[in-house]
Structures are given as C-alpha cells and as structure tokens.
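Protein chains: 2
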Amino acid sequence: MESRILWLYSPYLLLYSWALSAHVFLAVAQRSTYIVHLDKSLMPIVFADHHHWHSSTIDSIKASVPSSMDRFHSAPKLVYSYDNVFHGFSVVLSNDELAALKKSPGFISAYKDRTVEPHTTYTSDFLKLNPSSGLWPASGLGQDVIIGVLDGGIWPESASFQDDGMPEIPKRWKGICRPGTQFNTSMCNRKLIGANYFNKGILANDPTVNISMNSARDTNGHGSHCASIAAGNFAKGVSHFGYAAGTARGVAPRARLAMYKFSFAEGTFTSDLIAAMDQAVADGVDIISISFGYRFIPLYEDTISIASFGAMMKGVLVSASAGNRGPSWGTLGNGSPWILCVAAGYTDRTFAGTLTLGNGLKIKGWSLFPASAFVRDSPVIYNKTLAACDSDELLSQVPDRERTIVICDYNPDTNGFGFSSQFSYVIRARFKAGIFISEDPVVFRDRGDAAPFTHPGVVINQKEGKQVINYVKSSVSPTATIMFQETYVHGERPSPVLAGFSSRGPSMSYAGIAKPDIMAPGVLILAAVPPDLPAVIIEPEIQLTTDYELKSGTSMAAPHAAGVAAMLKGAHPEWSPSAIRSAMMTTANYLDSTQKPIREDDNFLATPLGIGSGNIDPNRALDPGLVYDATPQDYINLLCSLNFTEEQFKTFVRSSANYRNCSNPSADLNYPSFIAFYSFNVEGNYTWLEQKFRRTLTNVGKGGTTYIVKIENPRNSTVSVSPQTLVFKEKNEKQSYTLTIRYRGDDSGGHDGSITWVEKNGNHSVRSPIVTTTTVEVWGADD
Amino acid sequence: MESRILWLYSPYLLLYSWALSAHVFLAVAQRSTYIVHLDKSLMPIVFADHHHWHSSTIDSIKASVPSSMDRFHSAPKLVYSYDNVFHGFSVVLSNDELAALKKSPGFISAYKDRTVEPHTTYTSDFLKLNPSSGLWPASGLGQDVIIGVLDGGIWPESASFQDDGMPEIPKRWKGICRPGTQFNTSMCNRKLIGANYFNKGILANDPTVNISMNSARDTNGHGSHCASIAAGNFAKGVSHFGYAAGTARGVAPRARLAMYKFSFAEGTFTSDLIAAMDQAVADGVDIISISFGYRFIPLYEDTISIASFGAMMKGVLVSASAGNRGPSWGTLGNGSPWILCVAAGYTDRTFAGTLTLGNGLKIKGWSLFPASAFVRDSPVIYNKTLAACDSDELLSQVPDRERTIVICDYNPDTNGFGFSSQFSYVIRARFKAGIFISEDPVVFRDRGDAAPFTHPGVVINQKEGKQVINYVKSSVSPTATIMFQETYVHGERPSPVLAGFSSRGPSMSYAGIAKPDIMAPGVLILAAVPPDLPAVIIEPEIQLTTDYELKSGTSMAAPHAAGVAAMLKGAHPEWSPSAIRSAMMTTANYLDSTQKPIREDDNFLATPLGIGSGNIDPNRALDPGLVYDATPQDYINLLCSLNFTEEQFKTFVRSSANYRNCSNPSADLNYPSFIAFYSFNVEGNYTWLEQKFRRTLTNVGKGGTTYIVKIENPRNSTVSVSPQTLVFKEKNEKQSYTLTIRYRGDDSGGHDGSITWVEKNGNHSVRSPIVTTTTVEVWGADD
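Those protein sequence lines, which keep their order, are chains H and A.
Residues in the first sequence are numbered from 1 upward in steps of one, following the numbering used here.
Residues in the second sequence are numbered from 784 upward in steps of one, following the numbering used here.
Any given hint could turn out to be false.
[Stated by the list, open to error] Restraint-style ranges between C-beta atoms, simulated for each label pair:
id	chain 1	residue 1	chain 2	residue 2	range
1	A	Tyr-1271	H	Asn-214	30 to 36 Å
2	H	Thr-774	A	Ala-1028	56 to 62 Å
3	H	Arg-376	A	Asp-879	44 to 50 Å
4	H	Lys-473	A	Glu-1185	38 to 44 Å
5	H	Arg-376	A	Ser-838	39 to 45 Å
6	A	Tyr-1271	H	Asn-470	52 to 58 Å
7	A	Leu-1144	H	Arg-376	42 to 48 Å
Since the hints were derived computationally from the structure, they do not count as laboratory data.
Glycine is no exception: its CB is placed at the ideal position from the N, C-alpha and C atoms.
Using the sequences and the accompanying hints, generate a full structural model.
What follows is the structure, given as structure tokens:
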C-alpha cells in the first residue's frame, strides 16, 4: 500500500469537466510560491502575534540569503498568513531562500503551490423539504447558519441572492463582506452576508498577470450555481430556456451565504484556497461547501484535506464533491476521513420533447433544445442507409430538407456516443429536426448533458424507435410533430440513480474509510448563473445566455449536502461535524422510488463506493436516533496510525505536542460505515480475512430506548456484531459494540452489505453500509 | 358625393395585414349564397315564428322553380335564419331561384355573400387602470358584463382564459357555450362563458370544403389575442420571447368573454359574421368587439355596419377596428355612425437591444431578436462600401464573420425600408450580428413590427450611428456588446403616438361623421396566442412558438376600447351605447406625455381623422360630466337623410313602417365630434362654408352645475356657439346649443379645432374635435 499507481478515467467524464483556463506562466528568477507550515507552539514569545512572526521569518531569510535582493524581486514575498484551518504562510521563494527557511524555528514543511480543479431547483421538492414538517421548519429554513462557499465568485444581482424575507444580520456576522473594488455592488445584503476574494497566489506565481475580475464577482458561473444550490432564496419564474420552469430555491433558502472566491480566470491555486478556507473559518461560517478537488495527491499534500482538517478541528464541517471521473473505481477525490464526500445522482425530473406521429402515437423523448421550436406535422424520412447519419453526401441529397425530419438509427459501433455525432451531420445537412434512436441505458446516461441540443431534435430508445420506423415505413406520407420545453417529474423511471460521471471509491489518498459518504442530486440542476456568459448554442452560430442554467456534476451535489448539513447545525447547534455527517449517512436512502436498491445509470446496481450510504434524506437526518460521533482527538489518533513522518503529521495537527502524544494510534475511526480489504496470498489464492471494528453510538433521541441489530452480509462474508442489543437509559448516553467481518471467497470483486440498528418500539433505524473489496494501492506515506 | 373612387394604400400596411387563406372555390350549378333581408312586419300571421316563415319561403321557391331539383343540389338551402341584429336569412340560390325569392312577401333585398378581412399587456397600466380608484373598482374590473368577441376562435387553455378569481356565472348567462365537437375542452368556465362557431356560409359557398377545425378553437392566433386584450384574466410570468415580460391582463380582467368564431382557415364570410353577431346579441352580450372590416363598401352593403346597427338598436355597442391602411387619408373602415371606430396608437413601452461600445458608450437601440443572444466584446467592422449592406459578394469577403458585428449605414434611397433588406444580407453572410443605422422617424415607425429580427441585430438612429462609426474609425480593435430582451416603459419619446398603419378618416362609406372616434393602444401588444403556431423565426430556418405574442394593428386597439366600454356599461348600466361612446370620446386625451398635441409616428401632428377625439382615458370616461346621447330614432333620422332607396333603408331598419315615418330626416346626429366640408366652386376658388350643428348635452354628473364653452378655431375658420353657458339644475337634465363653422380659406388641406365645455367650479371638461376639410367623394346611394 505504499506505491503510487496509475488510474484510467472514463472518457465520458470529459463532458462534465470544468474547462480550466490553461495559462502558461512565466518562471521568473527561479522563484516559486511555497505553502509553509509552521508549528505555532514554537513561536518565540518576542512576537506579539503570528503575522509578526511570519514577516520576521521572511526578513531573516532576506538577511541570510544575499541573492534575495535580485533585480526581479526585491525580496522573498509573503503571500498569505494562515492561522485558522492551518498555521503558516505562503511565500515566493528561491531554492536558496527555501533552504534558509527550513532552518527557521517552528518550520514543519513547505511545498509548492498547485492548481486546483472544480468538479459542477426543484431538488428541495425532490428531497421532500417542505414548510410544514421536517428539517425546513426545524431549522427555520437555515436562518441561523452561514454556509461558506469556496468557489469562483458570485453574481450578487441574481434573484437567488436577494434578501427578501431574510431576517436582520446578527452583530457577530458583520464585517465579513469584503467584495473588492470590481464588485460593482456597494455592499452585501441579508442573504449574501460575506463576499471575499483571494488571488495573491496567482499574482505570486506571475506578478505580470492582469486579474480581469479583481473582486468576488463570478465570471464563470460555477460559483453562483453552487451558492444558489446551497442557500439561494426563492426565485420565481426562472428556467433553463423554458425547461425546469418554476421557482428555484436553495436547499436552505434562509441560510446566509458567504462567498470565498479563490478560483479566477487567471488560475486556481492552493495558496489562495487555504487563504479562503482560513478566512471562512475565522469569519465563523457553520458549514463549508467546496466543489473542487485534486486529481491524485497524497493526503499530506492535499491542501483541501489539510485545510478541512483544520476546519473540522474548529467545529466546521466541509462538504466536498467526489469528482467527475466515474464510473471507474478509485477515481474519487476529497476522500479524507474528516470531509463529507458527496457523489451525484439523478432526480426524478426529466426534460422532454414529445414526439407525436401522424397516426397519433405519442412518445416522450429526451430533448433540451433551448427554444420553443415549431416542428409540426412535418414529413419524416427513414431509410436504412441514410439512417446511419454519418455521411454529409448522402444526407445532403434528401430533397426539401428544411421541412423534413430525419430518423437516425442506433449504431452500436459508436459505443453510445453516436447521438451527438449524428446530430452534427443532421445540422450540417439542415434538416428541420432529427429523431435519434439510442440504446436506452446510454441515452439515460446522456441525459446529464444538455450540450448536443443545438438544433431541434429528440432522442428515443430502441423500442420506441421500432414503432416510429414501422409507422414511417407503412405510411404513404408520414409526418410527426415535436413539442419542446417539456419538463416532467415523478417519471416512469426509478429515481434516484447514480450518475455515471460521479467518481467512485475507494479513496486513493486514504482507503481506510469507505468513500464517498453520501449521494445528493447532481444531474441537470437548475441554479443561478451570471447572465453575461454564453450558455448554449443554436446552430450554426447563435450563442444564448441565461440567468438560470441546468448544470451537472458532483460540484452540484456538494452544495446540496452542505445546505442540509447547515440546517442540521441550525436545528442541533450542539452537534459536532462528525455527528452531523453521521446523521446524514445513517438516514440516507439506499432504495430508489421503487423500493429497490439504487442503480447506476447503466442499470447496474450501485454500491457504497458509488453512492456511499445512499441518497441524502434531510428530514430523516433531523432525527437519526443514534449518531457515530468522533472527536478531534479521534481524528488525530487516526493520523497517528498512518506512518506519517513528523513533518507530514504536523501538516495536519500543527503542533509537535500532539505528535509526541500519539499514545493511542488507531485507524478504527468511529465512522458510520465499514470497509474491509482482502488480497492475494503468496499461493495466489484469496486469503481469509477477519477484520474487527469497534464503534460507539450516542443516543440523540428523546430518552431511554433499545436498539436491535439487523445484518445484511456481503457476498462471501459473515458479519457478526456484539452485543446484538443496545440499551440506552437516557439521552446522550453512549453504547459501544464490536463488528467482525470474516471473508472467505474466491473472487476479485467488491461486495457490500449493511448493519442497521433498529429501534425497538420506535421509528429510528441507523444503517451503515459494509464494503469488502480487494486491496487497492494508495498514495503511500513514503512518497 | 355619389361616385365610387379608387384609393391608393400605403405599401407599409402590408406588414400588418392578416394573411387570409386564399381558397379557390368551386362554382357549383351557378348557385351562390345570398344574404336576404325580410320585413318582419310583413310576416303572414299563419307562421308561428320567423324560422317557419323562412323555411316556408324557401319551400315555395322550390315549388316555383323546377330547376331547383338539379342533380348537384337537392334544393335551395337555408344557411342561417337571423332575427336579432338583422331580420332575414342566408340561402344558397340560383339566379332563377333568386328571381322567385324577390317576389316573396316581405322581401327587401338580397346580395351575395362576401369575404371579410381582419385588422392586431401592460396596456392596462399605460391606461392608468388600477385597483384603488377609477374604472376598475367602479366596475368590479368588469365582473358584471360580457364582452362578445367576433373573431377566429379562442384557445381556452391559455392562462388568460382561466377563471381564477371569477365569480359564479349568473343564471341568465348560462347556455351560451356551444364550442363544438373539436373544441377538446369539455366546457367553458367562469371566464370564458360563451364559445360559438359559425361556418355554414363557408360550406354553402363550397359544400366540399373540409373545415379543419370545426369548433370555436383558434387556429390562427388573432381571436385569442383580441379576446385576451379585452378581458383576459391575470396571467403571470408571460412574455414575447423575453420581451414585455410580466403579468398580462385584459383591460377588463373580470369581465366575461364569449367568443363568436366566424373566421376560419377555410374562409371568412358575411353570412357567418351576421350569424355570429345575431347570436351574440341574442345571448345578451353587453359589448361586441370586432377586428375585421371591408376594404371599401357602400354603407348598405357593409354587413358589419348593418348588423352593428341592429346591435345598437338592441342596446349593444360595437367596438370595431379602423383598419390598417394608413397613413393615407380616407382609408378607414367601420366608420358607420353607430359604431365605435378605433384607431391604433403606440404606448410608452419600447423593446430594446442595448449596444455598448468598447469605449463604454451605451446606446439603447431597437431590437426584438427572440432569444437571449450572447454578443459580447465582439469585433465591429465598418467601411463605407461594405456598409451599404447590399452585396453578398462584398460581405462574404469579410474574414471571421461569425465573430464579427457589421455596421449597415442608412440608405435614403430605399425609402426607409433598407433595414429589413440589409438584415437579410447580413444574415446570409453569417455575421455574428448587425448594427443598422436608420432614419429616426422611420425607425420609430418600423418599431411596430417584430418580423425582421430573425438574427441578432440592433437598429439605431443616424445621430447614434455617427457616434458608433466615429468610435470604430478611431479605434485599433473596436468591439461592441449587444444585450437583448430588454423592455423599457416611460421612455424618452413622447407617448402615445399614432401608428402609421392606422387607417385615416374620413369614412368613405359615410363621411358625415368625423371618424375614427378614438385611439387605443395597438402597437406591439402582448396577448395570448395558441402555442401550436409558428410565431417568429431564427434564421436560417428555426421557427419558434409562444403562448403570448406581441402583435400590432387596429385589431388590437378595438378590444381595448371594448374592454373600457364594457366596464362603463358595468358602472353605468343605464347608459345607452351612444352615451358610453360619448363618455369615452369627450374625455379622451388629445395631448401626449409631454402635454403637447399627439403626433403621428413620422413626427407630423396627428389630426382627429387619425386619432379621433384622442387616446382613450378609461378613468376619466367613468365620470364625463355631460354626454351627447342619441336614441335609435336619431340614427333612423340620419338614415332617412341619406337618399337611400326603400330597400337600402330597410336593410338597416327592417320594417317599412319606419321608412314611411321619415318625418324628421337629419344628418345632424347628436355626436360628440364635428366635421364640415368645403370644396372648389365653379371659378376654381374655395368657397365660403357655413355649416350649422345642433347638439344636446345630458348632465350625467351628480347634480346642478354650469358649463362654459371654450373654442379652438380650426385654421381659416371661425366657430361660434350659442349659448356660451349651459346651466343644468339637476342630474339627467338636457341642454342644447348650436355651433356654426364659417370657413374662408384658400387652401386644400384639412384643419382641426375643438369645442370644450368646461365646468364652472368643477373638474369636468367635455371636449369635441372639429374638423374642416375639402369634400371627399364617397360610396353613393345610387351605386
């Protein structure tokens, strides 16, 4: 488990990845930005505060390294001082200066600044949030909490960020609005109470760069989208070009928002990210949502993980996206034990174009053509040769194409990607519209993507396709009508379904905890975007803008979970980050709308390495009965078990005091899920596996109660639990149990089961998934 | 004044005219449909009712004309019996049968069926209708009245025709819903209480025709649009492709609607129109709105005029559109003395695309591109040769056109029509967008038309154009941004303004009354349309649909006036049709928002032959102080003065009794406006003119009061009034005065003045326009 390994990614995820501006930066005088960790407990007492210490440290480097005064840089330059989620600073240094720094008192470690990449509203209905019962009324729709969103800025003029119905801002939350001079808005309001931006890391990397929007304003759309998902106010009469029309609202519509912009068109750097999280925690946010991640990185170099550890130590839960590299295994990011790692699922909403044939047959197809196209009683053409829709020459020979609908047949050779490619042929040939027959599950997977609909068209499955072809072949003058801009909820298909693009566990940076933790809506979510960006295209060249847009990605799932976590914090201010996460996980729904286990969008059964404990269920999370709590010391004990060097260890816990105090190292974190690995033995057979876990449950229900265990064994495993009954005499009482997984199988796959504590004479049930899987290799501590 | 003359029409109006389906009808067996007028007073007493009489009359023709039993038609065929606005029937007859019919007892006249043509919501705001004062609360928003709309049907599913907030239907109004089998809606509701259709005239004309929508359902858009203008319910969140977005509402949002569909895709016939109006009056509608008219037709052959006379006799006011043949004089239709003839004006709302140059200069241009196009910081190109925008060859040589905005300069040679033509060149060359420089007043006139915006583009005036060209010439890499879907109210331009297309008086069918009567909003009015019709196009070929559309025309003005008239009827149930019209006319606003006389859209001053008494002012019409009332007998006395033959006369008044009783013929109708003609004398000079009028005012104010006359003389004329003070001792008292116009001028134009009765110690003022003009030739009675 010590060596780095390479992973292959699905090409599919490219559809969803955020196109990072690729900038080539000028390397000036061999200097780089470093993130420097210091042990604050070693701060000499002569310094009044940490700022003083940091600047003095840098001054002493200047004195000791003569070349510091070169003609490009007058000195090593402090970028940020950090003190909340992390202690240290970022600084622009040469190699000589770095060597000098390493000799400074309190120095722990330094590593180069990196770039970070991002992962992407009816959902409150889908999640059954309602004003009369459950989490909404219990938390006042989140009105006493702040959600800090770390992202690419915000569009304050959006209807989602207006403060109608918001209460006054309590005094303790004032002064956290620092939007910058280019914000063009005099101040925040009662909804958007914080706005901040961090780009010193970009400038340190290249002092010549011109920051085009030097403020917390969003120039990309990702930040506004995520923020409005988490806590957007009620915004009436919005839609994505007529689809999903209605009132958009965040998961926690009365929660306050604070934006910490660290991602800019000019770059996205670790140093800025830490500064953003550091400020958010200092500002007193209750929950942090971050929809960015690294590709693959050791835990001790994963700044999101490091800063999130700091946030957790200060009582702030970080909800982060799992990434969009599914469906391959082990593609997941943000899988640290102290982060809430969120996968993305479909809702039960679909966007349709209804195809009506001349004989009256109606088929609800899939379309997102972004306008109310008129395609009515138009002639339809089908012949086998033409229907490959892969020849400009053939298609352009069809007469009267501008009045005609062409049928493109399913082509198994293109591996399900034929539909987009066929569409471009149909558009070039200027047909009035296209009917695309696609393999059903793949079509369904495609349904996360709005991009291909640059011309009127509709996608149907093979069964429906046969009906259409039969009609066209048997009719003298076949015609069809297509209606666009249709939105359906509570569809025929089961929901939720795991999105193919959602990254899968186990976590390569730390595999000891089953990740992701939970699934939340992340496919075609309608939320706010700046209205001055191109959103979709009508061919050949008309780009269209919108103020609300459907976007897909785990980026959209993380703020859903953050909104729920924020309301749980509002309803249960005494709950720790671990308790909040436990409540969400043990109450999550692992069944779909048909009461069968949730599936992936290719119709395979989903596993806990795809959906975690299941789909988020906010109202149940309000009252979980029992929680698996964990203290900061529990997390330190886990770090103690990791064979980290002292420097790597201190990167997280900051003070050497703790490292010396690793008296109780344990990887057996009190976590609401279980993962056990088995591997080949030397004879080439699978080994017996026997892995023991100890867990402690805290009764957060009303009073005395009894729970009885219910076990679902993973295939080829036996799970035993002792004791099998837990009796709680009062609220807040703790009871422990041990769980043993014994595996003797002969296969190489992963399997899953569960353990559920079911309340006797009560309604609570507390479920944890169990995963057994072959050993994976992860980023090792010796790297 | 006896001969028919030919009039030239502006080519401009073609943009607005309703494209009638041109059907070539089969002439079968030399039969035609005739509208037959009978004198009901001569109905033999053997007949139980008029139906019996009509069918018996036709039977007797069959008996007397042997050829009636030919192999194509089994008999002369009754199409409709009429008895409310008109007495008689329509029937399919051969020439022989017609000759036989003429000998039948009670026969007055018969003429061939004709085709009729139609003339197109913020406006309630523009008209200052509000829930707290004035006509809306006084009439309960029209809740006790029915508006009968005679048009092309209705789309009952439209939000405008839902009955939220409507009171129950009183018993007397039940049973007027006869929507037809193809209506696809089980019943009307509390808003749409009547739905009827009349197409027997079409079938009589060609029995082989297939009526594609044999019901009251709208397949065209005109009927739903007009009905929702008059009395549409509040419809939230609607727009014309993002323009005029908001809540649409009719002028009388609580009035009931009854649709009488007589216009079909297969034809629009006089016989059906009379049947529709006959039924509307029988159903008890309070006001009729009709946005159709004849081109030029003698009064006694103008079925709208004849049926409206019948409606007026039964106490129902007909509000009708003036037509869209302006700005030439004498182009007006529906100019009968007993009709409320409505001209169309602009509101103060404009639809814009804001052009922002790279140097920051913002210009609010004119655009209706029907989508949120993204045109941002795009390069702009200008050179003098290219800017004619009339050469495909030149334009297609510009590189990188898909990213580039091209400037098209004003071309005076194209007489103001260059903009649309230039647009098509720009689209063919596939520029990203076009900036079109146009002569200002013509641009303004063009603003009634949404059609050219099939591609991103914006129209600006010459002054703005110079600024843009200067910027482009002086900049190294000029850029511009265009924002679409912008709507502005209370603009810089004065409002209202008379629409160029609005037909002008005098009325060629009867010039003795100054027409039109009034102006109402009729330019780019947002109202309901069926969502299954193509509305606009995005080039090259994508047609778009909408459920609310901006349409222009006097067709849109007439239902505005009908809505106001309906609410006046609701507030003053005792007022006659003439009193309602007088209240609307004498309180109309002849000044624009700058308190200067209303202008035409080419910036010339408007005259009463364009705007009538002025722009409709509903709240003032509620309390006019005095009214010029007229009784049915007054209208008969006017008919008595017209040198009509007995048949022509009876066409209107139905019974020969009245004709014999023409003891007091008088063209001096008690009308709230004045028109006097002068003409060349034999020496080629203009003659002296002296014309006397007598008028009687009824005090509809609260009690005793005194009015003093105020006169504005037309140029070259002197107006004298006697007495100059009218003292009313009590409500409903009548006082008369005489008015004499003396002209001695030497010019050939028309001039206008006014007479206003101003209340002493009160707020009422009762204004009538005075027109003097050269003699016009009209349809004569001998034709």
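Here is how each hint holds up against the structure:
no., hint, result
1, A:Tyr-1271 x H:Asn-214: 30 to 36 Å, "holds (32 Å)"
2, H:Thr-774 x A:Ala-1028: 56 to 62 Å, "holds (58 Å)"
3, H:Arg-376 x A:Asp-879: 44 to 50 Å, "holds (47 Å)"
4, H:Lys-473 x A:Glu-1185: 38 to 44 Å, "holds (40 Å)"
5, H:Arg-376 x A:Ser-838: 39 to 45 Å, "holds (43 Å)"
6, A:Tyr-1271 x H:Asn-470: 52 to 58 Å, "holds (54 Å)"
7, A:Leu-1144 x H:Arg-376: 42 to 48 Å, "holds (44 Å)"
Consistency note: the structure conflicts with none of the earlier hints.
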